[in-house]
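> Protein sequence lines correspond, in order, to chains A and B. By this note's numbering, the letter at position 360 of the first sequence is numbered 362, and the numbering carries on one by one without gaps. By this note's numbering, the letter at position 296 of the second sequence is numbered 290, and the numbering carries on one by one without gaps.
Source of the hints: derived by calculation from the structure; they are not laboratory data. There could be a bad hint or two in this list.
[To be verified] Now the in silico label distances, taken between C-beta atoms and shown as ranges:
hint, chain 1, residue 1, chain 2, residue 2, range
1, B, ALA50, A, GLU84, 34 to 40 Å
2, B, ASP273, A, GLY202, 34 to 40 Å
3, B, THR284, A, GLU84, 39 to 45 Å
[Said to hold, decoys possible] Straight-line distance between alpha carbons at most 25 Å, and here's what the computed SDA-like set of lysine to any residue pairs gives:
hint, chain 1, residue 1, chain 2, residue 2
4, B, LYS225, A, GLY202
5, A, LYS39, A, LEU379
6, A, LYS83, B, LYS(-3)
7, A, LYS217, A, ASP328
8, A, LYS284, B, LEU228
9, A, LYS217, B, LEU228
10, A, LYS335, B, PRO185
11, A, LYS284, B, GLN12
12, A, LYS217, B, LYS(-3)
13, A, LYS39, A, ASP328
14, B, LYS(-3), B, TYR191
15, B, LYS251, B, ARG233
16, B, LYS243, B, GLY227
17, B, LYS174, A, ASP330
18, A, LYS217, B, LYS243
19, A, LYS335, B, GLU26
20, A, LYS335, B, LYS174
21, B, LYS225, A, LEU425
22, A, LYS335, B, TYR191
23, A, LYS33, A, LYS284
24, B, LYS195, A, ASP334
Backbone N, C-alpha and C fix where the C-beta goes; we use that ideal spot for every residue, glycine too.
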Amino acid sequence: MASKKYDLVISNGRVIDPALGFGKIADIFIKDSKIVKIEKETAVTKKEKSSLAKDQLIDATDKLVVPGLVDIHVHLREPGKESAETVLSGCQAAAAGGFTTICCMPNTQPRIDSQETVKFVQDRAKDAPARLYVVGAITKNIEGKELAEIGDLVKMGAVAITDDGHYVQNPEIMRRALEYASMFDIPVMQHAEDQYLVDGGVMNESYQSARLGMKGAPAVAEEVAVLRDLALCRLTKSRLHIQHVSSKGAVEAIRRGKAEGINVTAEVTPHHLILTDEEIGKEFNTNLRVNPPIRTEVDREAVIEGLLDGTIDCIASDHAPHTEEDKDAEFDKAPPGMIGLELTLGLIKTFLIDKGFLSWAEAIRKMSYVPARILNLPGGTLADGSQADISIIDPDKTWTVKKNQFFSKSNNTPFIGQKLSGLVSATILAGNIVFDRNKELN
Amino acid sequence: MSKLSSRHLLGLENVPRQDMELILDTSVTFREVIDRTIKRVPTLRGITVVNLFYEASTRTRISFELAEKRLSADIVNFSTSTSSVKKGESLRDTVQNIEAMKIDMVVVRHGSSGAPYFLTQCMDANIINGGDGAHEHPTQALLDMFTVREKYGSLDGLRVVLVGDIKHSRVIRSNIWGFKAMGASVALCGPSTLLPYEVEKFGCDVYTDIDEALDGADVVNVMRIQLERQKSGLFPSQREYTNLFGITKDRLKRLNKNYTIMHPGPMNRGVEISSEVADSKNSVILEQVTNGQAVRMAVLYLLSGRKEEEGS
Chain A
3 MASKKYDLVI
13 SNGRVIDPAL
23 GFGKIADIFI
33 KDSKIVKIEK
43 ETAVTKKEKS
53 SLAKDQLIDA
63 TDKLVVPGLV
73 DIHVHLREPG
83 KESAETVLSG
93 CQAAAAGGFT
103 TICCMPNTQP
113 RIDSQETVKF
123 VQDRAKDAPA
133 RLYVVGAITK
143 NIEGKELAEI
153 GDLVKMGAVA
163 ITDDGHYVQN
173 PEIMRRALEY
183 ASMFDIPVMQ
193 HAEDQYLVDG
203 GVMNESYQSA
213 RLGMKGAPAV
223 AEEVAVLRDL
233 ALCRLTKSRL
243 HIQHVSSKGA
253 VEAIRRGKAE
263 GINVTAEVTP
273 HHLILTDEEI
283 GKEFNTNLRV
293 NPPIRTEVDR
303 EAVIEGLLDG
313 TIDCIASDHA
323 PHTEEDKDAE
333 FDKAPPGMIG
343 LELTLGLIKT
353 FLIDKGFLSW
363 AEAIRKMSYV
373 PARILNLPGG
383 TLADGSQADI
393 SIIDPDKTWT
403 VKKNQFFSKS
413 NNTPFIGQKL
423 SGLVSATILA
433 GNIVFDRNKE
443 LN
Chain B
-5 MSKLSSRHLL
5 GLENVPRQDM
15 ELILDTSVTF
25 REVIDRTIKR
35 VPTLRGITVV
45 NLFYEASTRT
55 RISFELAEKR
65 LSADIVNFST
75 STSSVKKGES
85 LRDTVQNIEA
95 MKIDMVVVRH
105 GSSGAPYFLT
115 QCMDANIING
125 GDGAHEHPTQ
135 ALLDMFTVRE
145 KYGSLDGLRV
155 VLVGDIKHSR
165 VIRSNIWGFK
175 AMGASVALCG
185 PSTLLPYEVE
195 KFGCDVYTDI
205 DEALDGADVV
215 NVMRIQLERQ
225 KSGLFPSQRE
235 YTNLFGITKD
245 RLKRLNKNYT
255 IMHPGPMNRG
265 VEISSEVADS
275 KNSVILEQVT
285 NGQAVRMAVL
295 YLLSGRKEEE
305 GS
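Let the sequences and hints guide you as you build the complete structure.
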């Protein structure tokens, strides 16, 4: 007979909750979609566990049990380009990647710049296996000209605003956006690349763009954009979040801004932490085309350093699905972006944890607790009473990225064929198992 | 050594010197064919070559076409103005359709860097890069090298100056790799706004003063300055460009004796080069054009894998 005291117990895993400073083998007890308690096994709990039905007990021996991961930068393509991703397929990809909370960007077609579009996307996510929070547009139709009805967006549930994909080029509009958003205590998320300096560049400006004869998007375009926005943020005493930091100059600018007390946060993607522009000339792989572009080894080292010293607060994937047809093109004609939700964990484990840059606890903190705090989202912790959003990770499981393995509707990633270590084995959302890799295999 | 190490010619960067020498040596034979009364050999009989031109081109296209005809190849010309590319067909679909027509070799001119590499991933034909974006234009550089070698016997130790829009020129990139591999020293000269970022990593001397650049040089290869660059603000006026970088007779005094003036065409006379210089006895501009056919014949022949007896 099933126990009524608990709905689900995750047994004997190594529980890591960086927010609580917790990191030992323990059991997690869940009731009514909430975490009731985390305890080391005792005679009492052993007995409690033995009274559970088979489907109420997850054996997490040799696994890591962590707060459900949070990705605050994801592109779903619904409405407008459902062949690349829908809200549901994006949430399935999230669950398979260990993410229980994701935030979608507003550059859909139509843009998420009205209550109707916010509600449409929220409705699509109703039965999805991840919590979806909507980020609304800063300006109407992401044209950078007039503020969107930000109050309306927030009222409908938007947790932040961004024109992501586009920099708010006009400094006056950006100033007003920061001022206006501060009324609602939401951050303005900025895609910081000055478009005049980018000037149609398709890869990082460096010797690599010089030898390939490709139009370069200079790193200074990001640095200039960040410096301007730091000044505006200081002026308006508002909250600024710099998306996908990619360059040394931007890291240094943010570091100085934080030291000065400016209320700025920042994220970095796995690809900017791992890849450099030297990859592009090898095969002109259009899956390496991304905005901002992957840059030089100097930049890569700088964003890692920024992540380690807290200048960059968190990791976000910038999951950007595109269909195979759209990516199967000349390098400069392919749309920018790569998918990330199902790869982030394995990439961070393989390239940052295994290489000694981050501990598991630090990595999990930057992928759950910290991003949740930046956008004031619930989650990111396993504290008693919190929602039971949990990821179970097989920490040293090695696997190879395959083109046909994705829950995402797209497979545009340059990491196909990459051997990784660390794989999500199950994801629990509000106490329900929404992803179980063992079942996927059967 | 009588075979190239690759079955495509995508660019000259990383092409071994022996390959370039083989192409230049083979070109000598074909150069002789062009001077015959009957300018035709049966070498590529039965081989079908497609000239796939996604960008406007006069001289490169005609030069390849004549080279193919003189080798007795069957030719199909494809340019975007007359094709279904206008109807939105992707590059992969276009080339796969062309390949389904059983063709053997493709000469491709395309506005995107890397497009010839893309073709090697979609089809089995031998691919010859006829110019891709601002990346490479290997046959142009090979004909430049051939022309210089004909005059001096060797490229070793020569000082070659490439003048013009270094940033946007595919001819310059291929010239850099080709001349350097053959033992010449290469200098680049142009306005600082038309030098690519980190230009020093090409391993060439870089100048923004034309007189310094020309000092002690043997070969000056002058590039066409595209007038649209002025419109996008990369230099203030044509007049100022001519004053600062135009190759005029006065500026030639600093060159070594027996110097050579080159231009890949089409020329803006009176802008990057004066007519006096372009038409002078040291100018090999028209020889470049003639030699282009021979070099392209050599490239087509060597990549086709044909042995001489097969064709005859």
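> Does ASP330/A sit within 25 Å of LYS174/B, going by the straight-line distance between their CA atoms?
34 Å, violated
> Return holds or violated for the Cβ distance of ASP273/B and GLY202/A against the range 34 to 40 Å.
At 38 Å between Cβs, range holds.
> Within 25 Å, alpha carbon to alpha carbon, are LYS217/A and LEU228/B?
14 Å, holds
> What's the verdict on LYS335/A and PRO185/B, does the C-alpha distance respect the 25 Å limit or exceed it?
29 Å, violated
> Is LYS335/A within 25 Å of LYS174/B, Cα to Cα?
32 Å, violated
> Can you confirm whether the C-alpha distance between LYS33/A and LYS284/A stays at or below 25 Å?
53 Å, violated
> Under the criterion that the straight-line Cα-Cα distance not exceed 25 Å, is the pair LYS83/A, LYS(-3)/B satisfied?
Between LYS83/A and LYS(-3)/B the Cα gap is close to 49 Å, so the pair fails against 25 Å, i.e. violated.
> Are LYS217/A and ASP328/A close enough, with their CA atoms no more than 25 Å apart?
20 Å, holds
> Sort out whether ASP334/A lies within 25 Å of LYS195/B, counting only the CA atoms.
23 Å, holds
> LYS243/B and GLY227/B were given as a pair; does the straight-line alpha-carbon distance stay at or below 25 Å?
Violated. LYS243/B to GLY227/B sits at ~28 Å, over the 25 Å cutoff.
> A range of 34 to 40 Å was offered for this pair. Does it hold for the Cβ distance of ALA50/B and GLU84/A?
Taking Cβ atoms as reference, ALA50/B and GLU84/A lie about 38 Å apart, which means the hint holds.
> Holds or violated: LYS217/A and LYS243/B, Cα atoms, limit 25 Å.
35 Å, violated
Hint compliance for this structure: hints 3, 6, 8, 10, 12, 13, 14, 15, 16, 17, 18, 19, 20, 21, 23 are not met, and every other hint is.
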